[in-house]
Amino acid sequence: MDLKKTNAPVNTITYNKSVIEEPTGNVYEAITIIARRANQINAEIKKELLDKLDEFATYNDSLEEVFENKEQIEVSKYYEKLPKPHALAVQEWLDDKIYHRDTK
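Per this note's numbering, residue 64 is the first one in the sequence shown, and the count goes up by one each step.
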């Protein structure tokens, strides 16, 4: 997932309910699908962030020494500025990038 190329909003915005429910015909089903995708995106971002932060990890048993790693801080700031997983999921839903099927 390329987070730089997304056009999801960083701030909260209001969506038209009929646009959200259009693919399924049921707003609750659409929100459930979006929520599941948001959980997947959150897991991907968290794994990616932990992998990047693990590169900077120092394993010392001494509690008195605290190191400030500028690269680690920059990586954390980058991920803080990204759109939230639910915003990414809604944007994917509106762009018709989420595959879903009716299992009834």
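It is possible that part of the hints are untrue.
[As the list claims (entries may be wrong)] With a straight-line cut-off of 25 Å between C-alpha atoms, the simulated PhoX-like cross-links for lysine-lysine are:
#1 K109 / K80
#2 K147 / K133
#3 K109 / K140
#4 K160 / K68
Please keep in mind that the hints were generated in silico from the structure rather than gathered at the bench.
Hints, verified against the model:
Restraint check for K109 and K80: the C-alpha separation of about 30 Å exceeds 25 Å, so the hint is violated. For the hint pairing K147 with K133, the CA-to-CA distance comes to about 24 Å; that is within 25 Å, so the pair holds. Straight-line distance between C-alpha atoms of K109 and K140 comes to about 14 Å, which keeps the hinted pair within the 25 Å bound. A threshold of 25 Å between alpha carbons decides the hint, and for K160 with K68 the separation of about 14 Å falls inside it, so the pair holds.
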